[in-house]
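K.L.:
Single-letter residue listing:
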Amino acid sequence: MSDDATSAPAPLELMQGNLDMISGVIPWGRRLGFRMTKVEKGHVWGVQPWKERLVGDPDTGVIHGGVLTAFLDNLCGTAAGSAMDHLRYVATLDLRIDYMRPAEPRRDILGEAECYHVTRSICFTRAWAFHETRDKVIATAAGAFAITKPRAPSTMGGNDAE
Amino acid sequence: MPSETLLSRAEEVAAFIARTPFAQELGMRCEVMGDEMTAILPFQDKLIGNVAIRAIHGGAIGAFLEIAAMAQVFLVSEHLVRPPRPINLTIDYMRQAHAKDLYARATITKMGRRMCSVQAVAWQDEKSKPVTTLMAHFMVGGD
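Going down the list, the protein sequences come from chains A and B. Those letters in the first sequence? Residues 1 to 162, per the numbering used here, in order. Those letters in the second sequence? Residues 1 to 143, per the numbering used here, in order.
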């Protein structure tokens, strides 16, 4: 059982020490401006700031639903990564989003995701987007992620080719 | 006359894309042919989700498909004054989207008075090898 990954730091510790890196290394994440604010094992929090260029309806100034797709996808993926004992890259298999109520104009959106089950090859996750608390949710998401083969810790940010 | 209606509808779809800041941010456009439409998302570095393999971000593809589906609904529903509002959507990621242009087509599976059901597919090299598919419900009724 001398897997290279066993001697490496747990993903959770790496993530907690590099919160800004998690979405900072993703060009589309940087463009949207979302970031992770807190990570626990299998549980992640983040914020998607309001920006003029992310608006879906110029009459209302509300952020486009498509922005939440990327934000919730990344939250779920990060929750999945943090739930594992060894570093693994996860790829979205599917993602379902339910829109409960419109976001309020010109307001940042908070998000939270949890990974509630992990098998040998799949992580099951769910997420919530809201302004204040999960009681008044804007959108919910459910996503399944495929766990890919082990990678060295140095590639955590996706900085090299496989 | 129907053809005139469709023509003006095509212009409205273009106007809808042009006035939606986030559609502009994505950099997508729609080519309308009568009641059919192909959405195009030209590859741009900012759309990347995984730098190592230069794959387009799944969230960007999902948003592209969502807007393509909305545009298709808008195109064929003459009574709609405002773009359809999404109720829910399911995105199925089948293949990696490489660093090249993406195309999408949306099909309306059921158009009701208040809600409609839409399926959309995104591809790169071959339409028979979809990169991502989307199934969505939209509110189309009056507010």
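Among the hints, a few may not be true.
[Claimed, not checked] Which stretches of chain B does chain A cover? Using the computed rule of at least three CB atoms under 8 Å from a CB of chain A, they are:
no.	region
1	15-21
2	40-47
3	82-88
4	124-130
It should be emphasised that the hints constitute simulated quantities derived from the structure, not laboratory data. All C-beta atoms, glycine included, are put in the ideal place defined by N, C-alpha and C.
K.L.:
All hints are to be evaluated individually against the structure, with a verdict given for each.
P.N.:
Verification of the hints:
Using a Cβ-Cβ cut-off of 8 Å, 3 residues of the region 15-21 of chain B lie near chain A, which meets the minimum of three, so the contact claim holds. Here's how the region 40-47 of chain B fares: 3 of its residues keep a CB closer than 8 Å to some CB of chain A, so the rule of at least three is met and the hint holds. Only when three residues or more bring their CB closer than 8 Å to a CB of chain A does the claim for the region 82-88 of chain B stand; here the count is 5, and the claim holds. Only residues whose C-beta sits within less than 8 Å of a C-beta in chain A count toward coverage, and the region 124-130 of chain B has 0 of them, not enough to reach three; the restraint is violated.
Hint check: a violation occurs at hint 4 only; the rest are consistent with the structure.
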